[in-house]
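A.B. asks: Okay, here's what each chain looks like letter by letter:
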Amino acid sequence: MFKAKKLIAITAIAVLGLAVITGCSKSASADKVLRVATPSLGDKELPVWEAAKASFEASHEGWTVELIQQDDDLYSTVGLPTLLNGKNSPDVYFEWAGARLDQRVAEGYAADISGDIKSSGLKALFNDGAFAGYESGGKLSMIPRTRDVTNVLWYNVDMFAKFGITPPKTWDELNAACAKFKAAKINCFVQGNKDLWTVGNWGGHVISRVAGEAVYAETLQKTKPMNSPEFVNGLTVLADLAKNGYVNESVNSIADNEAASLFFQGKAAMHPIGSWLVGTQQSEAPKFTMDFINLPAIAGGAGDQDSIMAVYTGYAVNAKSSKKTEVMDFFKELYGTENAKSIADSGTVLLLKSLAAGTLDPLTAKINALLDGAKVVVAPPDTGFALPVADALNTAQAEVIGGKSSPQAALDAAQEKVAALK
Amino acid sequence: MKPTARWIPYFLVAPAFAIFSIAVLGPIIATFGLSLTDWNGFNTPSFVGFENFIRAFHDKIYMNSYWHAGVYIAATLILEVVVGLFLAGLVSSKKSTTFYRVAFFTPVMLPLVVISVLWTFLLNPDLGILNRILGQLGLESWQHIWLGDQSTALLSISIISGWIFAGFYMAIFYAGFQRIPSTIIESARLDGASEWQLLRGIKIPMVKNLTEVAILLCFTGGIQVFDLVYVLTNGGPYDTTQVPTTYLVRVVFRDQQMGYGSALAVILTLVVVGVGLIYNKVRTKDDVVVEY
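So the protein lines, in turn, are chains P and Z.
Residue numbers for the first sequence follow this note's numbering, beginning at -7 and rising by one.
Residue numbers for the second sequence follow this note's numbering, beginning at 155 and rising by one.
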C-alpha cells in the first residue's frame, strides 16, 4: 500500500515537473518565433523564402521564422481556421482579398497595417496603386502579393491562324468563330469543371457582364434572389454556348488540369481559365503557342463590357500578434530586389517597383497590362463571396453547361439552397 | 493477488480510459456539441439547438446521398460478395491456383487512391483507353462519358469497386472453404457431386457465418465509401454520386459549415451504428456452419 502511494506521488511529481519544464521552455522561446502561414509555395519559390528567412534570422538575433505550409485546398478551407484558432497562431498569413479578408477583419484576425507598412519602409517597395483592393473598411489590411486574372479566354494561336480567325471582340464574333470550329469538328471550348469552380468563374464573369456588377454582387451577398430575370439571362448566354455544341461534352467529368492538357494537345481552340495557365504552359507545353483575350463584349449587357474577373492575394497580419515590426522586416527581406526577381522567375509576379515590365514574360506583362487598365474588377464567386452561396451558383452553372437543367430551373434550385442558409 | 484498496482497479483502468477518452469519446462528444452550433471555423460558435439536424432532414442532396450509398451497397453485394464467393469456389476447385489467387487479390493491396486515379485515366472520355478501344472496334456509338453521365457514373463506380474488392471476399471465402473437412468433400465427390453441386450444396452453406460477416463488411464499407467516389467523380455529376461522406467533406471543407457538417456526421454515425445493431439482432446462428 505504501509502495503504491509512493509510486503515485513520484509519478505525479514527474508529470508536473515535465509539464512545467516544457511549458516554460515553450513560452520563453515562442516570443521570438515569427510564424508565417501560406499555401504550398512550390519547389521554385520555397528556396527564395528560405533565403529570406535566413537573412531575417541573421539580422534579428535570437529570432526564428517558422514557415507553415499547407496544401492549397486544405489551407483555403479548414487549414487556416485551424491555424488561427490554435495556441501558436500565425503572426502573418496568406489570404484572399474581398469577402474573406472582410471576414478576417470582422473576426479580429486581421490588423490595420496602414501605419506600420509606411513607417517600416515596406510600402516604398510597391508599385503605385498596388494597394487598391487590399483595404477592408477603408483600412489597409494586407501586404499585397499578386493580382491574378481568373477568367480570360486562352486561344490556340496556330489553330486560329489556320482557320483565318481573328480574336473575337464581341459575343457575336465569338459565336461565329465557334461555328467555324464546330464545322471543322473541333471543340471551340474545353473546360474541366469536375470541381465546379472553373465554370463558376467563367459563368460568373458572363453573368456579371449581362446582369451588371451591382446585381451580381448583391445576389451573391444574398440581398437579391438568385433566380432573378437578370441572372437567368446571364446564365442563358452560357447555356447557349453548350446548347450549340461549342463546349466539350466531358466538361463536368474532367478536372481543370485535364482540360488544360487537352487544350495544349490541340483538342480545342479555346480554354477559359486564369492567368496561372502561363506557368502551366511554360512547364508542361513550352512549344505550345497561346494568347488570350478578355471576355468579349455581350451586346445589351448591363455590366461594364471591359470588366475583368480577378482575385487579389496577399498577407494579413494577425491582429492578435505583437510582432508587426518583425513581420514588416521579414517582408522587406522577402520583397527585396533579388528575391522578387527570383519569385518572378518561378511564375509569381509581385506588385513591386523592382519588377519592371520589360523583365517579364510577354504574356505575363500583357496580363499585368490588362489588370492595370481595368476600370471594373469583378470577384469570382468562390473567393469574393460566402462559400455556400458560391457553391449554389456554381452547381447551377454546372447543371446548365452540362445540359441537365434550364437556366431558370437551375437558378430556382440554387435559390432554394441559398434560402435555407442562415 | 486481490487489490487491497477500492481505487486500485480504477487506477489501473485510468490510462486505457484516458486514451479512449482522448481518441474516441472526446471527438464524439465534441462533434455532437459542434452539431448544435452555427460555426464557420473562425467565428465564435453560436448555439442553434437542433436546427442543423432539421436542416439535414430537409437537405435533398444529403438525403439522396443515402439512396446513392444504398444503390452502391446493393451493387457491391453482387459485384464484390457474390463474385468473390464464386471466385473462391473456382480457385478452391482446382489445384495450383496461386497465380489466380494473387492476381485476384492484387487490386486489394494497392492504395484506393492509386486505383481510382488509374481508372480515371482509363475512363477519361477524351483520352481514355476504354473509349479508344471502343472506337477502334468500330463501336463509336458505345463510347461514353462514363463518369460524367448521371446514368452511368454510379454504376461505373460500383463496377470499379467490384473489380477491387471481389478479390478480398474471395480470400475470405477461400480460407473458409479450406477449413471444410476434406472427408465431407471427398464423400460428396464419391457420390458423384459436380464442382458446382459441391459449391452450392456443401461449401456455401458451410461458410454461412462468413457470408454474414462479408455482408456486414460490405454494408459498413459501403456506407463509409469515400476515396473511390471522391477521386472518380467528387460526388458529381450534379450530385448523382454524392454519398454521405463526400457530402460531409464538401460541407465542412469546401463550404466551411462546421456546425452543419458535424450534424451530418452525427446522423451518419447513428445510421451506421443503428444498422449494425439491427443486423446483429436479426442474424441467425446455425450449428452446421464451420466455426472459427
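Calculated from the structure, these hints are not laboratory results.
Just so we're clear, the structure is a prediction, and the values are computed from it rather than from any experiment.
All C-beta atoms, glycine included, are put in the ideal place defined by N, C-alpha and C.
A hint or two may mislead.
Stated by the list, open to error - Below, in silico cross-link-like pairs of lysine-lysine (DSSO-like), each with a Cα-Cα straight-line distance of 27 Å or less:
| hint | chain 1 | residue 1 | chain 2 | residue 2 |
| --- | --- | --- | --- | --- |
| 1 | Z | K214 | P | K396 |
| 2 | Z | K435 | P | K216 |
| 3 | P | K358 | P | K345 |
| 4 | P | K172 | P | K409 |
| 5 | P | K154 | P | K131 |
| 6 | P | K214 | Z | K248 |
| 7 | P | K409 | Z | K214 |
| 8 | P | K110 | P | K131 |
| 9 | P | K110 | P | K235 |
| 10 | P | K396 | P | K216 |
| 11 | P | K174 | P | K235 |
| 12 | P | K312 | P | K333 |
Claimed, not checked - Label pairs and their computed distance ranges (CB to CB):
| hint | chain 1 | residue 1 | chain 2 | residue 2 | range |
| --- | --- | --- | --- | --- | --- |
| 13 | P | K154 | Z | T374 | 53 to 59 Å |
| 14 | Z | E294 | P | N249 | 25 to 31 Å |
| 15 | Z | F240 | P | N77 | 36 to 42 Å |
| 16 | Z | A172 | P | D64 | 34 to 40 Å |
| 17 | P | P221 | Z | V436 | 52 to 58 Å |
| 18 | P | G78 | Z | L370 | 37 to 43 Å |
| 19 | Z | A172 | P | K312 | 29 to 35 Å |
| 20 | Z | I283 | P | K279 | 21 to 27 Å |
| 21 | P | N77 | Z | A172 | 20 to 26 Å |
| 22 | Z | A172 | P | D104 | 53 to 59 Å |
| 23 | P | K312 | Z | F201 | 23 to 29 Å |
| 24 | P | P217 | Z | T374 | 38 to 44 Å |
A.B. asks: Straight-line Cα separation of K214 (chain Z) and K396 (chain P) no greater than 27 Å?
C.D. replies: 17 Å, holds
A.B. asks: Quickly compare the C-alpha distance for K312 (chain P) and K333 (chain P) to 27 Å and report which way the hint goes.
C.D. replies: 32 Å, violated
A.B. asks: Between the beta carbons of A172 (chain Z) and K312 (chain P), is the distance compatible with 29 to 35 Å?
C.D. replies: Because 31 Å falls inside the window, the suggested range holds.
A.B. asks: Please work out if K358 (chain P) and K345 (chain P) have their alpha carbons no farther apart than 27 Å.
C.D. replies: Within the cut-off at roughly 17 Å; holds.
A.B. asks: Could you tell me whether the CB distance from P217 (chain P) to T374 (chain Z) stays inside 38 to 44 Å?
C.D. replies: About 42 Å separates the Cβ atoms of P217 (chain P) and T374 (chain Z), which means 38 to 44 Å holds.
A.B. asks: Hint says 52 to 58 Å; check whether the CB-CB distance for P221 (chain P) and V436 (chain Z) agrees.
C.D. replies: The hint (52 to 58 Å, Cβ to Cβ) holds, given that P221 (chain P) and V436 (chain Z) are roughly 55 Å apart.
A.B. asks: For K110 (chain P) and K131 (chain P), compute the direct alpha-carbon distance and say whether it is at most 27 Å.
C.D. replies: 13 Å, holds
A.B. asks: Is it true that the C-beta distance of K312 (chain P) to F201 (chain Z) lies inside 23 to 29 Å, as the hint says?
C.D. replies: Since K312 (chain P) and F201 (chain Z) have Cβ atoms about 24 Å apart, the given range 23 to 29 Å holds.
A.B. asks: Compare the distance between the alpha carbons of K174 (chain P) and K235 (chain P) with 27 Å, and conclude whether the hinted pair is satisfied.
C.D. replies: 12 Å, holds
A.B. asks: Does K409 (chain P) pair with K214 (chain Z) here, judged by a C-alpha cut-off of 27 Å?
C.D. replies: At roughly 10 Å apart (the allowed maximum being 27 Å), K214 (chain Z) and K409 (chain P) satisfy the hint.
A.B. asks: Is 20 to 26 Å a correct range for the gap between the Cβ atoms of N77 (chain P) and A172 (chain Z)?
C.D. replies: The hint (20 to 26 Å, Cβ to Cβ) holds, given that N77 (chain P) and A172 (chain Z) are roughly 24 Å apart.
A.B. asks: Determine whether the Cβ-Cβ distance between A172 (chain Z) and D64 (chain P) falls within the hinted range of 34 to 40 Å.
C.D. replies: Since the Cβ atoms of A172 (chain Z) and D64 (chain P) sit about 37 Å apart, the hinted range of 34 to 40 Å holds.
Comparing the model with each earlier hint shows violations of hints 2, 4, 5, 6, 9, 12, 15 and 22; every other hint is respected.
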